[in-house]
Amino acid sequence: MSEATLGTRVALVGNPNSGKTSLFNALTGARQKVANYPGVTVERKEGSAVTPNGLRVSVVDLPGTYSLRARSPDEAVTRDVVLGRFAGEVSPEVLVCVADATNLRLVLRLALELKSVGRPLVLALNMFDIAEKQGIRIDREGLAEALGIPVVTTVAVRKRGLDDLLRQVDALASQGKAAAISTWHEPSAAEIRQAHKEAERIMRTYVKPPLRPDTWTGRLDSVLLHPVAGTLILMLVLFLMFQAVFSWATPVMDMIDAGFAWLGQAVAQYVPDGLLRSFLADGLIAGVGSVVVFLPQILILFFFIILLEDFAYMARAAFLMDRLMGVTGLHGRAFIPLLSSFACAIPGIMSARVIDNKRDRLTTILVAPLTTCSARIPVYTLIISAFIPNRLVWGFANLQGLVMFGLYAAGIGSALIVAFVIRKLIWRSATEPFLIELPAYKVPDPKNVARGVLQRGQIFLKRAGTTIASMMVLIWFLSSFPGAPADATQPAIDYSFAGMIGHVMGPLLAPIGFSWQMAVALIPGMAAREVAVAALGTVYAVSGEDTGSLAATLAHQWPLASALAFLAWYVFAPQCMSTLAVVRRETGTWFWPGVMFAYMLALAYVAAFIVFRVAVSLGA
Amino acid sequence: MRLSDLGKGDCGHIRGLTPEGHDGPDEIGHAELERRLLEMGFVEGARFQILHEGLVGRDPIALKLDDMRVALRRREAGAILVERDS
Chain A
1 MSEATLGTRV ALVGNPNSGK TSLFNALTGA RQKVANYPGV TVERKEGSAV TPNGLRVSVV
61 DLPGTYSLRA RSPDEAVTRD VVLGRFAGEV SPEVLVCVAD ATNLRLVLRL ALELKSVGRP
121 LVLALNMFDI AEKQGIRIDR EGLAEALGIP VVTTVAVRKR GLDDLLRQVD ALASQGKAAA
181 ISTWHEPSAA EIRQAHKEAE RIMRTYVKPP LRPDTWTGRL DSVLLHPVAG TLILMLVLFL
241 MFQAVFSWAT PVMDMIDAGF AWLGQAVAQY VPDGLLRSFL ADGLIAGVGS VVVFLPQILI
301 LFFFIILLED FAYMARAAFL MDRLMGVTGL HGRAFIPLLS SFACAIPGIM SARVIDNKRD
361 RLTTILVAPL TTCSARIPVY TLIISAFIPN RLVWGFANLQ GLVMFGLYAA GIGSALIVAF
421 VIRKLIWRSA TEPFLIELPA YKVPDPKNVA RGVLQRGQIF LKRAGTTIAS MMVLIWFLSS
481 FPGAPADATQ PAIDYSFAGM IGHVMGPLLA PIGFSWQMAV ALIPGMAARE VAVAALGTVY
541 AVSGEDTGSL AATLAHQWPL ASALAFLAWY VFAPQCMSTL AVVRRETGTW FWPGVMFAYM
601 LALAYVAAFI VFRVAVSLGA
Chain B
1 MRLSDLGKGD CGHIRGLTPE GHDGPDEIGH AELERRLLEM GFVEGARFQI LHEGLVGRDP
61 IALKLDDMRV ALRRREAGAI LVERDS
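First to last, the protein sequences are chains A and B. Following the working numbering from start to finish, the first sequence increments by one per residue and tops out at 620. Following the working numbering from start to finish, the second sequence increments by one per residue and tops out at 86.
Next comes chain A alone, as it looks inside the complex:
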């Protein structure tokens, strides 16, 4: 058993936005571990703290919830851990119910529900400084007496009240009382009403309403939720976010790229030419590089998402976007992941965790790679510059730009249609109700934001990164083995496994107008979409750097219909191993990446087939 699980086991439970995670961070500092609960895709955050008496406690941060009746996979974890029936998880000895001291109405009912579980329970009134500033008067002793549990006040971001809280945990744990028999059962509507009345009564007796209520939330909302102004501001925020992910990340990504290229060359200098050099430089270093290169985008995207979440703006964005997303049957919260996928599907898919509903989350993940990610741009640019004449149509529109726009539109349109089809045909379900709290705005705590962003980066490198790097090595292997014979007349890749697979696939791809050279280029192109450009260069034995001459070669070699079919293929095809690896990591099984691969491949084939046949019949 690991060190962190020694000592009293404490679980933090509370409403969303109660500052539970910042209390967890304050208690455990850097001593945290993030893992997954076995079998589900819910994150398990555990850390350790030391009480004033010098005892060690292990703290688990459970997903936020309004009740123990689970409505999402996250909430089911909270329920099962609290009730001590989560397989493979030792049940907590002390529960800490974390409450936003300025917003006690719903959490008091949750506290009553938690009491019926029978485990020792402490209520922590967090953000107590804000409550004091607003002039909310809470009779702490009265509240403790009425609830029958100790009540402490905390200010997580200033680390105030933590010792009090830990002392209470110690006291409860040292009483050594075995947990009473749980009387918890899923409450009926009548019982919820009853509990709410009781909570209401306690609230009226021991909590006096604020003398100086928060007016900022109302004032900000009148702008940020305004139907027109609010939507424009959201667009501006998203534009900034998109720009940041898209363009701020590029210089850093270029640096990383260059760094790994330099490293590859450095290795090449010291290692003699041959398999080992090729493995180190083109397989391993290039493989690790292809993981690290995503990091800037992921960090920037999560910086924005966590900042907006902590500021309490995310709920507003969901409100504003709900109707638009409703067309596809998705929740307003699906908007951010889909938009982020325009930069790269990987951070987009990782950010789908903001969606509570499991089916909505899966649907969003499945359609995310259809939106045109930045890695498709080099492929589109190459083919368009080779085949589409650079001229004006209808007097004002550039034909090349128009084709590019069409490819983007095809991506968006197909994402929305596929999302709709998945919901209607596969889940066969009506839409999940949209019912969310709009929390009061809060100034984000820089330390919590930084910790959250770094945690995301770490998770990506550790979990998805290992899969991505090993796939890159696999693709390198397929493209380099067996080596070309001494009297080779063709580029080396033709003699490799990738070449053989390409030749075998050739007849399958002939109906959509692909030559076997194109088929060969698709194999290394699985590493990442933009790699297809270099792969085409390799196949046609043209320097991959010089896309001008590559475009000329392609224009000479490919019929126009094949080129258009190739573009259609790239709108849909699952040509990105990293995406599949991340979907595996986020869904916890290879089943969903399998589904994604199959449906995208089918769409790509059909689309390329139609485009090719129509183009041929039109004389292209």
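Possibly wrong hints are sitting among the right ones.
[Claimed, not checked] Selected chain B positions facing chain A (Cβ under 10 Å, derived; list incomplete):
(1) R36
(2) L37
(3) G41
(4) V43
(5) E53
(6) A62
(7) R73
[As the list claims (entries may be wrong)] Listed below are the simulated DSBU-like cross-link pairs for lysine-lysine, each with C-alpha atoms no more than 30 Å apart in a straight line:
(8) B:K64 to A:K442
(9) A:K115 to A:K208
(10) B:K64 to A:K115
(11) A:K197 to B:K64
[Said to hold, decoys possible] Interface residues of chain A toward chain B, partial, derived using beta-carbon atoms under 8 Å:
(12) Y66
(13) L106
(14) V228
Hints are computed from structural coordinates only; laboratory data are not their basis. These figures come from a predicted structure and were not determined experimentally. Think of the CB as a built atom: it goes at the ideal place given N, C-alpha and C, for glycine as much as any other residue.
We have chain A; now place chain B onto it with these hints.
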């Protein structure tokens, strides 16, 4: 009168829930919808004021419910019976 019939600025209090009354098939069923609404604070007697409406079809709506803020679609608001202040 249902909450879904009201517009921005209207205020009043909650009289009860009729999850059966709201139209369209529902993924979660009537009993579950009722419990979720209760857990969000839509209990008999709670005071509300509609603060904001969405751009398209004035949907969803954001309201102050006692001392917290909640947003929901008009579809679900159709399950909430209210009495408007005159």
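Against the structure, the hints:
Proximity of R36 (chain B) to chain A holds as hinted, the smallest CB-CB distance being about 6 Å (cut-off 10 Å). A hinted interface residue such as L37 (chain B) counts as satisfied when its beta carbon comes closer than 10 Å to some beta carbon of chain A; here the least separation is about 7 Å, so the hint holds. Hint status for G41 (chain B): holds, given a least beta-carbon distance of 6 Å to chain A, under 10 Å. Hint on V43 (chain B) holds. Least Cβ distance to chain A is approximately 5 Å, under the 10 Å limit.
The interface hint given for E53 (chain B) holds, since its Cβ lies 7 Å from the closest Cβ of chain A, which is under the 10 Å cut-off. For the restraint placing A62 (chain B) at the interface with chain A, the shortest Cβ-Cβ distance is roughly 6 Å, inside the 10 Å limit, so the hint holds. The restraint placing R73 (chain B) at the interface with chain A holds, with a minimum CB-CB distance near 5 Å, inside the 10 Å limit. Using a Cα cut-off of 30 Å, the hinted pair K64 (chain B) and K442 (chain A) holds, with the two alpha carbons roughly 18 Å apart.
With a CA separation close to 24 Å, the supplied pair K115 (chain A) and K208 (chain A) stays within the 30 Å bound. For the hint linking K64 (chain B) to K115 (chain A), the alpha-carbon distance of about 29 Å falls within 30 Å, and the restraint holds. For the hint linking K197 (chain A) to K64 (chain B), the alpha-carbon distance of about 19 Å falls within 30 Å, and the restraint holds. Hint status for Y66 (chain A) relative to chain B: holds, with the closest Cβ pair at about 5 Å, below 8 Å.
Evaluation of the L106 (chain A) hint against chain B yields a held restraint, the C-beta minimum of about 6 Å falling below 8 Å. Contact between V228 (chain A) and chain B, as hinted, is supported at the beta carbon level, the nearest pair being about 7 Å apart and thus within 8 Å.
Every hint, counting from the list given before, is met by this structure.
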